[in-house]
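Residue numbers (the working numbering), protein chains in the order written: chain A, 627 to 907; chain B, 1006 to 1266.
Hints listed in this document are in silico derivations from the structure and should not be mistaken for laboratory results.
Every residue gets a Cβ at the ideal spot worked out from N, C-alpha and C, and that includes glycine.
Incorrect hints may appear among the rest.
Stated by the list, open to error - Chain A is faced by these chain B residues, among others (derived, beta-carbon under 8 Å): (1) Arg1018; (2) Ser1019; (3) Leu1022; (4) Val1102; (5) Ser1105; (6) Ala1113; (7) Leu1114; (8) Pro1119; (9) Leu1121; (10) Pro1156; (11) Ile1199; (12) Leu1218; (13) Arg1222.
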Amino acid sequence: MMRAVPFIHAIVSPDTKARRPAAGTRLRVARRLQSIAIGSVIPLAVLGVWSLAVAWHLMRSQILPSPVTVWQTGIDLLRGGDLFAALAVSLQRVVFGLLIGGTLGFILGVAMGRSRTIDAYLGPTVRTICQIPTIAWLPVFMLFFGIGEELKLAIIAKAAFLPLLLNSFAGMRTAPARFHEVADVLELSAWQRLRLVTIPSALPLLAAGFRLALSNAWHVLIVVEMLASAAGIGHMMAWSRTLFQLDVVFVTIAVIGATGWLMDAGMRWAERRLMPWSLPA
Amino acid sequence: MMRGTARSQVDWRSLALPAACVLLWVAASATGWWNPNILVPPKQLAAGFIDATRNIDFWLAAGSSVMRLGIGWMIGSLAGVLLGIIAGCSPLAERFVAPSLNSVRQVALFAWIPLLTAWFGDGDTAKVILIAVAAFFPAALNTEIGCREAPAALIEVGRVFEFSYLARVRRIVLPSARPSIAAGLQIALTSAWIGTIGAEYLIDQGDGLGVFLASARMDNRMDVVLVCIVALGLIGYLLSTLLRVSFAKGAPLRGAVLADD
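Chain A extracted, bound-state conformation (with noise of 0.2 Å):
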């Protein structure tokens, strides 16, 4: 179970939450409210000024489609479950993608951080080849493996390589000097160690670049199948551009963004239920 408090954190760190003022629920509750109250307001904003602009007919209808339209697309595409086909065709090439880039990142980032030597040869090539944004890989990569499915798998995988290679090196070489202190104290065998400290302290550090590594790994898919695909939410997008279906450009636009919403959200929720010692940045 990894619910339970590493003890060596439990005696390094005092427990902060234990202090914090419980506050009534009520309390609670009505500021919740109000919160969204007051960021509803753009928003609602935005949406009253779209519908004034269909309204008046200050743009055309087909650059323009009415919130309603647009609302109706929503729906048909969902019921329709082309919506749910196309998502699947992408999130499939994110999840292969990333198992792909991110297992070679992190077994790199693990042997860098722990071996000196293996740094010295492999961390300077690795680090700066990785300067090159993702997205200019794009047509070298294209030349390369054509415009299959091993291209979106291989710009997945190259842009979930390097948070997962960064930040599981970091994650070996960062768990605080006093922890190992503590453990050299109380005498720890090496498997005492490795499971009380060092994967204690690196799993934050390894579920923020998975996370970051979930978040590249999607925004370079859509970038993807815009170009070069038949199928996925961002061949559907750019698609219906083609034929002028602007409501379903924007059925799409927010899709995109609730997905990437959502899986950054998960990863957050699960981040703190798995990891409630995770130590602040």
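Starting from the structure of chain A, add chain B where the hints point.
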């Protein structure tokens, strides 16, 4: 940077991997083991570099990309810094804008392209807007954090001196947020450069390094593609170094002494 004097020597071990790759590359292209269209022979790549430096179109393309970047970056980061200051200084304003901004930020940058081209056409307007959006978010977020985390003790001092609200913002909050704003502007530049290349490459109309890159790929010219990538890497690196140096040399703002501790 943590580069001590002891470590300033080149670690020769770091050159082993690049050297091995170059050897493999030379050997593979000499024996014709791989398709020379993809694994460009060294000679052809060198010729490609020389051609590019002589090709006026290449320089024009790079120049117009940098121009576009400059305009978009300035618009986006100006808007971002302004909004960041407002949201960072006023918790109420922050509650108004934060939820909307965070939702919009979740949409992948290039996913705006279909909408922008439908509204503004394939010309420079759509590209500059996209570049500005790319620059806006890092500038706004970093400015907001910098302003929000201005030391409470200093603000208290300002109250004791009976500074007006604006004077407190100008003489205490802004100077202490300066490093954060500078960092935001730098990240904004990098992000705007990626936005520039991506917008040009995806829209594929007009001029610019991204369009040059796209046509090189269409022509199956791996050498030109590689030249373009090196060029855009170099330009990005040069511009961000330039920005960093000019921030480091810039005269400290009035009141920065107050914030320095």
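Quick rundown of the hints versus the structure:
Annotation: Arg1018/B was flagged as interfacial toward chain A, and the flag holds, the nearest CB pair being 4 Å apart, inside 8 Å. Among the interface hints, the one on Ser1019/B holds; its C-beta lies about 4 Å from the nearest C-beta in chain A, closer than the 8 Å criterion. Checking Leu1022/B against chain A: minimum C-beta separation of about 5 Å stays under 8 Å; hint holds. Because the closest C-beta pair between Val1102/B and chain A is about 6 Å apart, less than 8 Å, the hint holds.
Taking 8 Å as the C-beta cut-off, the interface hint given for Ser1105/B holds, the closest approach to chain A being about 4 Å. At a threshold of 8 Å, the smallest CB-CB gap from Ala1113/B to chain A is about 4 Å, leaving the interface hint in force. About 7 Å separates the beta-carbon of Leu1114/B from the nearest beta-carbon of chain A, less than 8 Å, and the hint is met. Against a cut-off of 8 Å between C-beta atoms, the interface hint on Pro1119/B holds, since the closest Cβ of chain A lies about 4 Å away.
Because the beta carbon of Leu1121/B sits about 10 Å from the nearest beta carbon in chain A, more than 8 Å, this interface hint is broken. Hint on Pro1156/B is violated. Least Cβ distance to chain A is approximately 19 Å, over the 8 Å limit. Interface hint at Ile1199/B: satisfied, since its Cβ lies 5 Å from the closest Cβ of chain A, which is below the 8 Å cut-off. A cut of 8 Å between beta carbons decides the hint on Leu1218/B: the least distance to chain A is about 6 Å, and the hint holds.
The beta carbon of Arg1222/B is positioned within 8 Å of a beta carbon in chain A (closest approach about 4 Å), and the interface hint is therefore held.
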